[in-house]
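Student: Produce the complete structure using the sequences and hints provided.
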Amino acid sequence: MVQVVLWGSLKSATGGATKVEVEAANIRELLSRLGEKHPGLKPQLDRGVSVSIDGKIYRDAWFQPIPPGSEVFLLPRLAGG
Amino acid sequence: MSKVHVSTTINGDAVEYLCAAEETLLDVLRDRLGLTGSKEGCGTGDCGACSVTLDGRLVCSCLVLGAEAEGRQVRTVEGIAKGDQLHPLQRKFIEHAALQCGVCTPGFLVASKALLEKNPNPTEHEIRFWLAGNLCRCTGYDKIVRAVVSAAAEMRESR
Amino acid sequence: MPLDNPKGQSFRLVGSRPNRPDGIDKVTGRAKFGADMSAPGMLVGRLLRSPHAHARIRSIDIKKALALPGVKAIVTRDDFKEIEGDLRDVSRNVMARDKALYDGHAVAAVAAIDTATARKALKLIKVDYEILPHVTDVEEAMKPGAPVLHSDLFTQGVEPTPKKPSNIAKRHEFGHGDVAKGFAEADVVVERKFKSEATHQGYIEPHACLASVGNDGQGELWVCTQGHYAVRNVCASLLGMDVSKLRVTASEIGGGFGGKTTVFIEPVALALSRKAGKPVKIVMSREEVFRASGPTSSATVWVKIGAKKDGRITAGDAVLKYQGGAFPGSPVDMGAMSAFACYDLENVRAVGWDVVVNRPKQAAYRAPGAPISAFGVECVIDELAQKIGMDPVELRLKNAAREGTESSYGPTYGVIGLRATIEAAKAHPHYKAPLGPNQGRGVATGFWFNFGGQTCVSLNINIDGTVALAVGTPDIGGSRASMCLMAAEELGIGYEQVRTIVADTSSLGYNDISEGSRVTFSTGMATIQAARDAVKKLCGRAAQMWGISPDAVLWENGHAKPAGANAGDFPPLSLADIAKVAANTGGPIAGHCEVNAEGAGVSFSTHLCDVEIDPETGFTRVVRYTVIQDAGKAIHPSYVEGQYQGGAVQGIGWALNEEYIYGADGRLQNPGFLDYRIPVASDLPMIDTVIVEVPNPGHPYGLRGVGETSIVPPLAAVANAVSAAAKVRMMEIPMSPPKILKAMGEAPRR
Amino acid sequence: MRYEAPKTTKEAVALLAKAKGLAHVLAGGTDLLVRLRSGHIEPDLVVDIKRIPAMGKISAVANGIRIGSAVPSAVLGEHAGVRKAWPGVVEAAKLIGSTQIQGRATVVGNLCNASPAADSVPAMVAAGAKAIVVGPKGRREIAVEDVAVAPGKTSLRKGEIVESIHLPKRPPRSGDAYLRFIPRTEMDIAVVGAGVSLTLGPDGVCRQARVALGAVAARVLLVEEAAAALVGTKVDDKALDNLAAAASAACRPIDDKRGTKEFRIKVAGVLARRAAKVALQRARRGK
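Residue numbers (my numbering), protein chains in the order written: chain A, 1 to 81; chain B, 1 to 159; chain C, 1 to 750; chain D, 1 to 287.
Just so you know, these hints were derived from the structure itself, not from any lab.
Bear in mind the structure is a predicted one, so any value in this text is a computation, not a measurement.
Keep in mind that the hints are not guaranteed to be accurate.
Unchecked claim - In silico DSSO-like cross-links for lysine-lysine, where the CA-CA straight-line distance does not exceed 30 Å: (1) D:Lys-277 <-> C:Lys-727; (2) D:Lys-261 <-> B:Lys-3; (3) A:Lys-19 <-> C:Lys-727; (4) C:Lys-120 <-> D:Lys-158; (5) C:Lys-193 <-> D:Lys-261; (6) D:Lys-50 <-> B:Lys-3; (7) D:Lys-10 <-> D:Lys-153; (8) C:Lys-195 <-> D:Lys-261.
Tutor: So, in structure tokens, the structure goes:
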């Protein structure tokens with residue numbers, strides 16, 4: 001099980017929870033499980049998100065492994081100048 | 001609408017062209033003569049990217065009509081190097097990393113050259129005020145000022 | 001890619017300051033920028049722009065304009081198909097559909113044989129506008145009853161989703177802990193509301209492009225952009241072209257700072273060219289750049305911070321309201337995430353509101369969103385220090401985020417350089433230097449994420465042993481020099497032997513935009529990998545020539561050598577030796593890398609600023625400025641310093657004199673460099689820099705992006721300095737002289 | 001548009017007098033070309049006066065100095081005679097734009113552009129300068145303060161052209177100065193400008209003074225009350241306070257993108273005082 005911390009404004013899609021648990025070994029699995037479990041997150045997931053695993057932020061990498069016990073955050077998709 | 005016939009000298013070479021009365025010298029240089037080194041950053045004389053000298057006097061070529069160049073001496077960034085020999089200012093701008101994007105660089109070089117011809121040993125203050133009409137958004141001017149100081153020193157030594 | 005040697009590494013070339021490879025082109029006028037290209041039979045493209053801040057477009061009559069001799073094509077909304085999804089807003093920003101949403105919004109475009117004809121044609125286009133009420137201020141736009149820009153915009157991120165449309169696009173929230181509990185524990189609480197005006201990136205080169213679409217539907221585009229692949233993909237979608245049929249070449253780019261990460265005139269030029277069957281060049285005027293490209297947000301920022309008497313912060317709370325122009329997507333999310341990112345806080349919250357108004361759609365501007373929130377937070381920190389009676393640098397050190405800190409936006413930090421920059425500030429002679437009369441000193445810290453992203457490079461070994469490196473990220477500040485350094489470092493050859501070019505979209509795989517301080521990081525990482533790939537192949541060729549196993553060959557100082565005595569005794573082969581006979585050993589030798597670079601390291605910066613105020617006029621001069629920033633590893637220190645200095649000066653301009661000024665009619669009043677006042681050479685002192693190097697564990701050389709962080713602290717550093725000199729807290733930027741004089745006049749005499 | 005570059009003032013006057021449609025004089029062109037390029041004006045005729053020899057000269061005349069209308073600020077600034085006699089006028093001319101603009105912009109162009117914020121105008125008004133105007137009906141001399149009548153509008157009649165500016169000869173112990181306020185150090189339009197010219201008696205008492213303010217009303221103001229505050233005093237602190245108060249009181253400014261009313265009123269007094277101090281020092285040095 002991976003515990004994922006969502007950013008504050010996604011609470012409305014998870015019934016108020018900012019921490020959710022899903023079974024996932026990599027980012028692709030994480031995102032698809034999140035969408036299945038919480039359909040309200042789908043629009044945001046489709047628009048794009050970043051995933052932080054143990055402090056490193058990934059924007060696209062589906063197959064980035066999520067080691068057990070990792071700290072995982074869902075973040076908005078970020079862009080710079 | 002008949003065009004104006006102009007005979008002038010650009011970077012030491014005799015040049016003739018036809019231009020519309022309302023056409024600026026900058027447009028003539030860039031669009032008619034292919035001298036695209038002078039840049040248009042604003043078209044209102046506020047950025048200095050189009051700096052050239054006209055009879056030795058530093059001006060914005062966006063604020064000069066092409067017709068006005070008749071019989072004058074125009075010098076642009078393309079005329080600063082002598083063949084394959086860079087001018088000390090050009091070398092120092094590269095060495096000091098005085099350019100990032102480089103679009104303001106031609107204007108700074110033309111303006112700095114005009115300064116050093118008038119004042120071979122300018123202070124930092126004098127350089128900054130002389131170049132106040134040349135906008136640079138990348139460097140914060142620090143390295144540009146250092147490059148001019150350094151080129152001036154080298155030019156004084158080799159004199 | 002992990003750091004090669006966490007215990008410290010030594011470099012042969014990296015960290016030196018060679019001349020940039022494009023230097024001579026740029027000092028002689030030979031470099032070709034966006035507007036410098038022309039094509040035979042080229043037409044001039046010009047845009048007609050809305051003079052109204054908000055108006056329904058009833059009809060557009062182009063008949064008379066089209067009949068003007070010399071006019072070859074006109075395009076309007078009818079020439080762009082309706083697009084849904086991600087690109088809908090981009091498409092509508094490029095060409096207005098049912099409504100013009102801001103002063104300067106494009107409504108039609110003409111291609112004609114010359115400028116005079118194009119100009120005349122624009123005057124002949126009749127647009128029937130129904131003028132609508134407008135709103136340009138962020139707080140006004142949020143009020144019930146404000147003119148609504150989009151009837152289909154319902155606030156996201158609030159529960160329940162509103163039934164009525166409004167200008168509030170989205171609510172964001174970040175943080176952790178319990179701020180109410182934190183404030184209850186505080187001995188001192190400071191709460192302030194700040195305001196910042198919109199600024200423009202102010203790149204000196206206006207947007208320019210040359211489009212040519214043939215009758216076969218194949219297109220070429222020459223354009224000044226931070227990302228030519230993105231331009232290609234977006235334009236192809238907007239115009240219904242196959243991506244493969246559009247080749248985009250990035251010209252030299254005269255500054256971007258985030259403002260050239262999207263499209264404005266490019267799809268229009270392509271549409272005109274397709275219709276006219278001839279090349280079309282569009283060059284924006286400076287006025288168009290200000291009115292109709294992508295400035296940054298104006299905002300209000302509310303910040304509340306509480307602390308114990310000993311300086312330990314117990315809670316931080318912020319509410320940010322950013323307008324992002326006429327379409328959703330202001331960088332308020334990043335403003336909220338980064339607001340408290342410099343601090344190690346148990347209880348923190350930042351709420352951001354993304355708001356639309358009748359202004360041009362904002363584009364990224366150097367660390368988008370972060371300077372605005374840092375302005376509020378760092379000013380409150382300063383005031384907190386005063387209230388507690390603590391040195392502002394000490395207060396920051398006491399609360400600075402470190403390795404293991406749970407960041408204000410979520411993830412736990414790895415190795416970071418924040419404390420190192422604050423300690424360097426404390427130790428810097430600037431911090432101890434005495435101040436003169438009417439002078440004040442300010443300090444502020446700043447954070448930026450830094451990004452990686454999709455990157456593709458190709459490194460080709462030439463027959464004479466020189467190297468051609470093709471990258472796909474436009475060079476906005478000297479990155480080609482850094483790439484040459486890294487390639488040469490890896491290959492063990494001279495800097496001068498590597499030539500880096502920016503390839504067009506058909507010559508190299510996809511590359512993300514040059515943004516997010518990602519180029520030296522990502523393209524650098526890809527270059528290192530491509531070089532290592534080439535080295536492997538070079539070793540293989542040597543092995544073949546020696547008749548030994550490739551595993552028995554190692555690469556050292558630009559030579560293939562037998563790995564040890566057991567491998568055999570062969571004289572080393574240089575890169576040139578191997579290249580010379582490449583045809584005989586298997587053909588061309590090249591290294592490649594395609595990667596989605598991850599592992600960018602966050603970066604921090606601490607700035608010191610001294611100002612002097614004329615108490616009778618409010619005139620403010622920055623008299624000393626120092627930037628201290630973590631670069632991880634500086635590849636070419638001169639260009640790292642350049643990023644520090646340039647960002648600081650843009651921030652100084654933002655703090656003191658730059659602002660978008662809209663009139664009551666909703667029109668921009670200062671669309672030129674005369675009244676949009678960016679700093680000039682005589683406004684500034686030298687900008688001192690200190691490069692701190694705390695290696696990023698996610699890059700082989702340890703480098704972190706450096707392009708953006710430098711604009712984050714200056715707004716507050718200058719505001720704190722001005723507040724100290726004026727002896728009154730300034731809460732609005734720009735702190736133009738009338739505002740300073742007014743504040744000083746209203747302040748209680750001390 | 002037609003471009004003409006006549007060789008004599010007479011020819012220029014004839015071209016302008018005969019012109020059908022919109023005609024403009026081109027001196028330095030730093031204002032004209034901006035308006036031309038932006039499409040704000042579409043003249044039918046532009047008369048370039050830089051080929052008229054008399055207009056390109058600075059000459060000492062019996063009762064002062066004559067500055068031709070085509071003399072750029074940079075040339076004016078290099079002229080030792082003008083710098084010595086009217087340092088305030090020169091420093092004002094030298095504030096018009098950048099080095100590049102200086103190479104082109106002229107004080108007459110600055111005057112005829114009729115902007116209330118023109119830098120050289122308050123200095124010339126304080127100096128008591130006259131504009132020499134040539135027209136189809138001959139030559140006339142008008143006070144510089146009477147050239148601009150409203151923003152962008154002059155009192156010149158059709159066919160008339162300013163040929164030169166006349167700066168009067170200075171009595172001993174005279175000095176002038178011009179200061180302006182801008183938010184940056186360069187490149188801005190004056191938010192407030194103040195020109196002061198004064199003459200001291202042998203006893204150090206101010207005998208004569210003129211004070212002019214720019215950018216605080218629809219036209220450059222000649223403020224007699226401010227001058228009166230100096231005359232008969234030793235230009236001490238009290239006189240300077242009175243001067244500042246009179247200058248502020250005379251302002252009728254507007255709020256705009258460059259500054260507020262309140263700010264302009266306050267700063268006009270500050271600058272008038274500072275300019276008077278500089279002029280005083282110069283007068284004390286000028287034997």
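Student: May I ask which of the numbered hints given earlier this structure violates, with the numbers listed in increasing order?
Tutor: When the structure is compared with the hints, numbers 2, 3 turn out to be violated.
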